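Number of protein chains: 2
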Amino acid sequence: MKIAILLYEDMTALDAIGPYEVLSRLPDADVRFAAEKKGLVRTDTGFLRLSADYELSEVSRADILLVPGGPGDGQVRQSGRVLDWLRMLHEKTRFTASVCTGSLILGAAGLLQGLRATTHWTRMEMLREFGAEPTGERVVEQGKIVTAAGVSAGIDMALRLVQKISGDDFSQAVQLGIEYDPQPPFDSGSPAKAPGHVVDLVRSIMG
Amino acid sequence: MKIAILLYEDMTALDAIGPYEVLSRLPDADVRFAAEKKGLVRTDTGFLRLSADYELSEVSRADILLVPGGPGDGQVRQSGRVLDWLRMLHEKTRFTASVCTGSLILGAAGLLQGLRATTHWTRMEMLREFGAEPTGERVVEQGKIVTAAGVSAGIDMALRLVQKISGDDFSQAVQLGIEYDPQPPFDSGSPAKAPGHVVDLVRSIMG
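The listed protein sequences correspond, in order, to chains A and B.
First residue of the first sequence: 1, per the working numbering; consecutive thereafter.
First residue of the second sequence: 1001, per the working numbering; consecutive thereafter.
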């Protein structure tokens, strides 16, 4: 099971690491973190650097292709090299997946035309620019293209992919292995659930 | 707000990156990833390397000290240098926190003596070796020492720390910012909730 994860400057680390932690437990998983240039990639906070051990040309096939989001997504959407690579891999993937604004990158590659999709809730309407139909669902499956909502939604998406690939028992086993039994102190993880002034606060920070 | 996160070979990436994604959003956060040796640290799957931009001696103070878990925890518990560093930082922290088997490392440093604590459910009884009282709770607060259960529990713990440091609104805003509105396909994230044969399966894999 070849898994390719795109890394780029100013991406959000958890968008990639959440699903990675789940998908890397698939039987025979072979995960490759790839970027335009091999080496260290600085994530959006500036505090954490992840190693891209492969450059794009070294990853020519993937069963699962994963595109994380983050403030750097706009830059990536301008990169013909990345978009070509995504289109090329997508032809033979079993699943092409995104987390957060990673879906905007899939959109820029022309892969969401006419499909329902999701992204970070503050960026939802941007999906229309790429011919996609925004939906507030946490994980949206459209054939082999699977988009997840903001940041942490990638964990839920990855557990669903594991379920499809290796079945119910194995997905539950991975969930139990990472003890994913969420108990946040509040129930404010979506704009529909958070208090209005908290939604406004996040909008003012995230623009 | 100085945040120090210990990195080491064969750690579990999400143990560190989950809480990092939350804590790095604290006002004036300054996060330092530190390891015995500066440079790349290979995580437990072998597929992902994180950059330790600091060596231990370069981080002499932290408001929050975070110790992740992973299969490499046993090696770290033998390292006098790491344990000395943890004890030294702990003297002045506001919170000393662990995720998963990171609590066993805190225990080896002598910091859990007589305290209630948690860890990954498959390792729970090991806490007794360090004079701690195991509990199945997801997040255990004992004064300024806060331990979290396996892997993904660090996200919940970090949201609690943000609540204590910056208040309810801000914690909710961070939760909404990362869209932490969990919707896993199953409810099997703890041994009490997962089917018996799934619990057995994970035990057989994780030993």
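Just so you know, these hints were derived from the structure itself, not from any lab.
What you are looking at is a predicted structure, and each value in this text was computed from that prediction instead of being measured.
Check each hint, because a few of them may be wrong.
Covered stretches of chain B, as calculated for chain A (at least 3 residues, CB under 8 Å) [as the list claims (entries may be wrong)]:
| no. | stretch |
| --- | --- |
| 1 | 1075-1087 |
| 2 | 1124-1133 |
Partial list, computed: chain A residues near chain B (C-beta under 8 Å) [as the list claims (entries may be wrong)]:
| no. | residue |
| --- | --- |
| 3 | Met88 |
| 4 | Gly150 |
| 5 | Ile165 |
| 6 | Pro185 |
| 7 | Gly189 |
Cross-link-like lysine to aspartate or glutamate pairs, in silico, EDC-like; alpha carbons within 16 Å at most [to be verified]:
| no. | chain 1 | residue 1 | chain 2 | residue 2 |
| --- | --- | --- | --- | --- |
| 8 | A | Lys193 | B | Asp1169 |
| 9 | B | Lys1193 | A | Asp168 |
| 10 | A | Lys37 | A | Asp63 |
| 11 | B | Lys1193 | A | Glu55 |
| 12 | A | Lys2 | A | Asp44 |
| 13 | A | Lys2 | A | Asp63 |
| 14 | A | Lys164 | A | Asp187 |
| 15 | B | Lys1193 | B | Glu1141 |
| 16 | A | Lys38 | A | Asp63 |
| 17 | B | Lys1037 | B | Asp1063 |
| 18 | A | Lys193 | B | Glu1141 |
| 19 | B | Lys1164 | B | Glu1141 |
Note that CB positions come from ideal geometry on N, CA and C, so glycine has one too.
So, going through the hints one by one against the coordinates:
no. : hint                     : in the structure
1   : 1075-1087                : violated (count 0)
2   : 1124-1133                : violated (count 0)
3   : Met88                    : violated, 22 Å
4   : Gly150                   : holds, 3 Å
5   : Ile165                   : violated, 12 Å
6   : Pro185                   : holds, 5 Å
7   : Gly189                   : holds, 3 Å
8   : Lys193/A with Asp1169/B  : holds, 13 Å
9   : Lys1193/B with Asp168/A  : holds, 15 Å
10  : Lys37/A with Asp63/A     : violated, 22 Å
11  : Lys1193/B with Glu55/A   : violated, 42 Å
12  : Lys2/A with Asp44/A      : violated, 26 Å
13  : Lys2/A with Asp63/A      : holds, 5 Å
14  : Lys164/A with Asp187/A   : violated, 28 Å
15  : Lys1193/B with Glu1141/B : violated, 23 Å
16  : Lys38/A with Asp63/A     : violated, 21 Å
17  : Lys1037/B with Asp1063/B : violated, 22 Å
18  : Lys193/A with Glu1141/B  : violated, 27 Å
19  : Lys1164/B with Glu1141/B : holds, 12 Å
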